[in-house]
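**Q** One letter stands for each residue in the lines below.
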Amino acid sequence: MIEIKNVFKSFGGNQVLRGVDLTIKKGETMVILGRSGCGKSVMLKLIMGLLRPDSGQIFVNGDEITLFKDSQFNKLRQKFGMLFQAAALFDSMTVDGNVGLALREHTNLSEKEIEKKVAAKLKLVGLSGVEQMKPAELSGGMKKRVGLARAIAMDPEYVLYDEPTTGLDPIMSDVINELIVCLRNTLSITSIAVTHDIVSAYKIADRIAMLYEGKIIFVGTPEEVKRTDNPVVRQFVEGSSQGPIETL
Amino acid sequence: MSKIPFAHTPENVFRLVGRKTIAFFEDVGGLAVMIKEMLWGLPKAVTRFHLIIEQMHAMGVNSLPLVALVSIFTGAVTAVQAVYQISDYVPIRYLGTMVGKAVMIELAPVLTALVVAGRVGAGIAAELGTMKVTEQIDALQTLALDPVEYLVTPRFIAGVLMLPILTVFADAIAVAGGMGISAATLHVPPHTFINGMRSFFKSMDLFSGLFKAFVFGGIISIIGCYQGFKTYGGAEGVGRSTTKAVVLASVLILISDYIVATILFG
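If you read the sequences in order, they're chains B and E. Under my numbering, the first residue of the first sequence is numbered -5, with each subsequent residue one higher. Under my numbering, the first residue of the second sequence is numbered -16, with each subsequent residue one higher.
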């Protein structure tokens, strides 16, 4: 379980998070909705310890990670996988190098076992025979899938998705959504996805949270989101330029 | 109406000086922290030997043609100018002494370092800078890997090992260049040139140059990595970091050259 309590974060004079409270239960997929630049990705980076909050607390499995030293994060991060918005594959490595990197660094598996595991993870995301390709040779959708295979290579407890469908065509977006649902069902992974793609959110979420003006203003199931009369959520879901959300 | 350049009000000048001073101390502090983390990563680097070999290849083997080209002309021009400078009061048989000492103590280590700073230092800053702006460094951290340990330490080890090796090549090629041009145009046969070199050779000449190269190798890799890690702002930021890495490394090479020379010969 992940608990975020009254977290504040600013960059220079820009106060991005202004007291975020959110709980993600074990085994669920929580989708965080919000406009571009509202601080969704910052929340993921705070959970991973890539950024430190200005104040507030974050608990993972009961441990307050906001008190962790840098060296303690590496142990925690082995429980996590993260899919980046642009996949963030290592250009200088092959697909096999990317997916197998954590296995080579953190386990005592033989090279043969690692290759087998890499192939299995790639198969799980619908790719095979691409192990020796470089990221530059892959399409956008393939990059995301390799990124996903890399994120789940160590069989993590948690997977964080940063805009998993951004930049993909609708069909490839649906493939990625199906994969996220499949991973939750088959591997019982607890997931947090940040997105502004409503279709994706409805498909993958157990619960949806709305981040607006630095705070979580709504949490509910996809059905509750569809029925809500919260004007901010309504405007966002309907994609309307008219409403309480300022468009400038 | 366009602004008049350099028309700072006193308040702006103070602000500018203050900002530059803070940035300077931030850089000094940031570099110190990175060097500390890099040194902590040295034991772990042994287990990632393949990364060191990759970097040694990129820094050393791939720089060799350029270093050879610079060295051969350095040796040649040193010989030509030495004859012009000494011919009135030193016998020409000591031409090899002058060329050998100038090349080994100063020219080969410094010019090799400047060439490598331009080629490799820029490459490191551009590669790590691109990794930074495309979130690849964040991705390394999410895989529970320390970016300094994984990216900086192998480059540092490769730098301090390969610069002295490149300098040995540069010494040999520059001396060969000087000897060749002496034989071809200055009427100094090779055996006279070599005898001149041998008669006043001290092992300190060679080792002082190699020690300088060791220091320069560390500077090039550390500055390249630091500027790469500091990159922000997309392609423009990568370009900015690359330029800074080359300029700063070149300046530090020349400053450290003076410091090392003062320690060894002062």
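What the hints contain is simulated information worked out from the structure, not anything from laboratory work. Treat the numbers as computed from the prediction; the structure is a model and nothing was measured. Treat the hints with care, since some could be wrong.
[Unchecked claim] Okay, derived cross-link-like pairs now, DSSO-like style, lysine-lysine, Cα gap no bigger than 30 angstroms in a straight line: (1) Lys69(B) with Lys185(E); (2) Lys220(B) with Lys39(B); (3) Lys27(E) with Lys111(B); (4) Lys27(E) with Lys63(B); (5) Lys84(E) with Lys111(B); (6) Lys39(B) with Lys19(B); (7) Lys115(E) with Lys128(B).
[Said to hold, decoys possible] To give an idea of the interface, some chain E residues facing chain B are shown, with a C-beta separation under 8 angstroms as derived from the structure: (8) Thr80; (9) Pro130; (10) His174; (11) Ile238.
We put the CB at the ideal spot given by N, CA and C, even for glycine.
**Q** Hint by hint, say whether it matches the structure.
**A** Hint by hint, here is what the structure shows:
1. Lys69(B) with Lys185(E): violated, 54 angstroms
2. Lys220(B) with Lys39(B): Given that 30 angstroms is the threshold and the Cα spacing comes to 29 angstroms, the pair holds.
3. Lys27(E) with Lys111(B): This hinted pair holds, its Cα atoms lying about 25 angstroms apart.
4. Lys27(E) with Lys63(B): holds, 20 angstroms
5. Lys84(E) with Lys111(B): violated, 58 angstroms
6. Lys39(B) with Lys19(B): holds, 19 angstroms
7. Lys115(E) with Lys128(B): holds, 19 angstroms
8. Thr80: violated, 47 angstroms
9. Pro130: violated, 11 angstroms
10. His174: violated, 49 angstroms
11. Ile238: violated, 32 angstroms
The structure shown violates the earlier hints numbered 1, 5, 8, 9, 10 and 11.
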